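**Q** Chain by chain, the residues:
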Amino acid sequence: MEDVSAKFVSQKISRTRWRPLPAAALQPPDIFATGSWDNEDNRISIWSAGDLGNAGLNGEYHGEPHLLCDIQHNGDVMDMQFLDQERIVVASSTGTVTIFRHHQNNQTLSANHRWDKAHYHVDQDTSCGGAACTGVVCNNPEIVTVGEDGRINLFRADQKDAVRTIDNADSSTLHAVTFLRTTEILTVNSIGQLKIWDLRHQRNEPSQIFSLAGDRVPLHCVDRHPNQQHIVATGGQDGMLSIWDIRQGTMPVSLLNAHEAEMWEVHFHPSDPDHLFTCSEDGSLWHWDTSTNVSEKPSFLHQGGRSTAYLSHSTINQSVVSAWLSNDPTKERMEITNLIPNQTLSVNSLDVLGPCLVYGTDAEAIYVNRQLFA
Amino acid sequence: MDEPDTEPPLVVVPGADSSSRQLCFAWGPAEVLVCETLFGRAGTENGAPSSSRVFVVRRDQDIYIQTLRKLFNESHGIFMGLQRSEEELAGKSGKAQLVQVSKNYRSVIRACMEDMHQAAVSTRDPALQGQYSTQVSILSAMELIWNLCEILFVEAATAGPLLLRLLDWVRLHVCDVDSMVREVLGSESPSKHKLFWNVVDIFVLQGRMDEARHLLSKEASANPTSMNMYKILDDLMKKMPVPSLSNTQTLTELELKWQHWHEECQRYLQDGTFASNPHMESICKILLGDEDAILEKKELMTTWYHFLVTRLLYSHPTVKPMELRFYAQSSMDLFLGGESSPEPLDLILMAAFEFEMHQVIKECSIVLSNWWFVAHLTDLLDHCKLLQSHNLYFGSNMREFLLLEYASGLFSHHSLWQLGVDYFDHCPEYGRVYLELHIERIPLSTEQKALKVLRICEQRQMHEQVRSICKIMAMKALRNNRLGSALSWSIRAKDAAFATLISDRFLKDYSERGCFSDLDLIDNLGPSMLLSDRLTFLGKYREFHRLYGEQRFAEAARLLLTLMTAHIAPCSFWMTLLTDALPLLEQKEVIFSAEQTYELMRCLEDLTAGNPDKQKFQDDDIETTKVEMLRLALARNLARVIVKEGTVEGS
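These protein sequences, in sequence, are chains A and B. If you count the first sequence from 1, you need to add 40 to reach the working numbering. If you count the second sequence from 1, you need to add 294 to reach the working numbering.
FYI, nobody ran anything at the bench for these hints, they're computed from the structure. The structure displayed is predicted, hence computed values, not measured ones. Watch out, some of these pointers could steer you wrong.
In silico DSS-like cross-links for lysine-lysine, where the CA-CA straight-line distance does not exceed 30 Å [what the hints assert, rightly or not]:
#1 B:Lys364 x B:Lys389
#2 B:Lys770 x B:Lys788
#3 B:Lys364 x A:Lys157
#4 B:Lys770 x A:Lys157
#5 B:Lys743 x A:Lys47
#6 B:Lys364 x A:Lys47
#7 A:Lys47 x B:Lys397
#8 B:Lys656 x B:Lys591
#9 B:Lys591 x B:Lys614
#10 B:Lys532 x B:Lys551
Next up, chain A with everything else stripped away, as it sits in the complex:
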């Protein structure tokens, strides 16, 4: 029995994010934020996933998520990221980037700082001309945003103006951004390219370009392996999952057939990176699990004898190389589960933290799964 609770929220959800846990926390995450899109009045909302302790009393009560507070947001919420425990950075379709502060003592939200028209077409000063900001990533205090205008902005949470702006960084639309290292970022664009930018260099050009072969299928999302920083996963318009090794080559290491439509988000599990989660326009959410083969391998160890000792040595090596980079997908077992059967409308966003998964859909519902690995 899966412990999934759902809530219909009367707005299409474009982003869901867990609030990061304090370093010493032992409890599973409880608070998450959502952003809506395509509404006349879009909102940023903070939710509590519901107290798990209460559920034990009468068994069937799973405590659906309940709203703590919300605030109006101008334009569609395109992306969203927690800067720290209290602050959330939100990217808007109007090109504005806003930091909202969640006051936990009286449960209110307020706009903390705003960069108007961080992304724009043609001229920043004209009244129209804002370009959608499509992606945001934070590494406190640094914030990097990308947009439909092909621009990359680097902000600091405490500074009024952008620290660095790369105009025309990309000739097509930038869809997503993530940090590779503290000074390097990764972007994906609508012509199937993955680019690395080194922010220390003053040159306004990427330090490396990777691209998909054949049809330049647009890439929509990107995530980096939390421990092995050279492993990068991206998701494309055709629903394909690509795994890249940025130390070598300019093409993906493996292409995995996945969803039937746009893959909107891909996330490695932050503390258990053998698990990966993807969601898509086709209404499915997949859990990719490569941990099975790793757990099966130690069985060789128990057999004893020299040859097995050698074998085990090689398997240890292999697991260091990581299952994600194995060139032969048939050799390595990968278990893939669709977590939402029969959903028809797009799953726009997901976030994993600890044993908990939260996702939001165009069917105006948010779902919380508290026992991912049960």
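Given chain A's structure and the hints, the job is docking chain B onto it.
**A** Using the frame of chain A, we list chain B on its own:
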């Protein structure tokens, strides 16, 4: 053509002065635009300037109620599930499944009702509160009708179980009794409470015998003198035969038992056993199905359909579905007693009791302010194969007609349009046309939204719409000076003409600035380069620059020549290409072969000969100097290459 059954409702446009002016209007996909004209009421021109306002009149107002969005979204899931299970419904378990679907719909209505109720309680604004309360009563009426339809049409309960279902139905929808029971039981001595007998009566009227007996036993223990009387009544109530859901007893058995029990009650009443207690006597009369006795409790039943079910319970427990209509009609007449006329809800329920499915749907369409109810109910009934014989004189059939109306309403909403798509998909005849018309009118505010709309069109092979969306996005990008984006949109749409246009912009930029913009895109065109000739040229020309930059001169030279001889390059660009050849001609080592040099010379002569007028017209020296320089360079190259080729061959 049928005549309209009712006068069309009058819609007053607030703010529009319809009393002194004529209004004009234009149809939209789901709304009407209305504005005031210069003409007065009588048709004469009115001198006063009219207000320059345009009113948008929306038809399906419920779509805009925030809380109802939950209803639309959740029921969308159920609807899709129902369409998916099409094949499984054929079997015997089909009916059970359909009943389950119907129950799911009802639970969504109930959940929505609870939310609405919560909202009504928590709000302080009286106007809003009134609005919420109205919605709650509408939702509860919808649920009431749906439940009755579920019993009569979907489940099609047979004699026996039918009565049990109707009892459940009444119990579920008359809910003020529970608070009364709590009040009575909560008091110190329940039997002394002024509402005590009311509660007992209600239990009896609803056939809740065990609860009634439980209450009566309290009265009995408080009143030992009439112990005997209680015992008899209690016994009668305990022995009352009821239809069972299982097939253990036949209807005749039940009727026989019931006859016996009925006679026993009759005997006690005639004995005057209960004569000393009017409350108990009236209960006994109710047990006998005495219409007057039941009608006396009118206040406790509140509705005629409660009266109907009570009457059936105590006088015709084995009522057959087809007999319902007679009892229903007479019950309504008796209950209302000519004092008040039936309301729309009464008429709808009556139509249901008469098994007039179409009448039910028609009345609901007229009365309810949304299409949600009729569309989903009709679809469900259609899946029960109950509506097949009925065809409308317009459109295809009733199910499709109502689904189209509902989905069109969804499409007029800024956010719910995505739900509408799936409803159109399940309208075999006109769904596609509707979708095509509606989808083009979705505002494309961001690329992400455009991608979502595009995906919908691509999945359904709607090529025309795909092209139009891509074109819109490409135009937008072009206007924002995002040539790269514009090009990738036109590549996606396979729009050759537009790709040519954008390629020309790139080339123009190049000849003005001397360098290419958006190299990351042009270098990575891949097979999409073949979309248009101009795009191919752009890609190849850029390739020439790259080769040149990498000092691969021989390859660069060959490519440059091919661009001209194979007529890939537009004539207007030949001069630029020839100028590009200059540095190659001037290299230390010989790059162009003799044959290639001849070709180049021919190209130059073609160009100058092709438009001599233009050449004369251009009086600027630069152009002539260029030609002179080229001729010189070509001649020198030819000289060198002849020498070189001669020596190579000679040695």
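**Q** Work down the list of hints and note, for each, if the structure agrees.
**A** Verification of the hints:
{"no.": "1", "hint": "B:Lys364 x B:Lys389", "result": "holds, 27 Å"}
{"no.": "2", "hint": "B:Lys770 x B:Lys788", "result": "holds, 17 Å"}
{"no.": "3", "hint": "B:Lys364 x A:Lys157", "result": "violated, 34 Å"}
{"no.": "4", "hint": "B:Lys770 x A:Lys157", "result": "holds, 18 Å"}
{"no.": "5", "hint": "B:Lys743 x A:Lys47", "result": "holds, 24 Å"}
{"no.": "6", "hint": "B:Lys364 x A:Lys47", "result": "holds, 9 Å"}
{"no.": "7", "hint": "A:Lys47 x B:Lys397", "result": "holds, 20 Å"}
{"no.": "8", "hint": "B:Lys656 x B:Lys591", "result": "violated, 33 Å"}
{"no.": "9", "hint": "B:Lys591 x B:Lys614", "result": "holds, 26 Å"}
{"no.": "10", "hint": "B:Lys532 x B:Lys551", "result": "holds, 13 Å"}
In summary, the numbered hints that this structure violates are 3 and 8.
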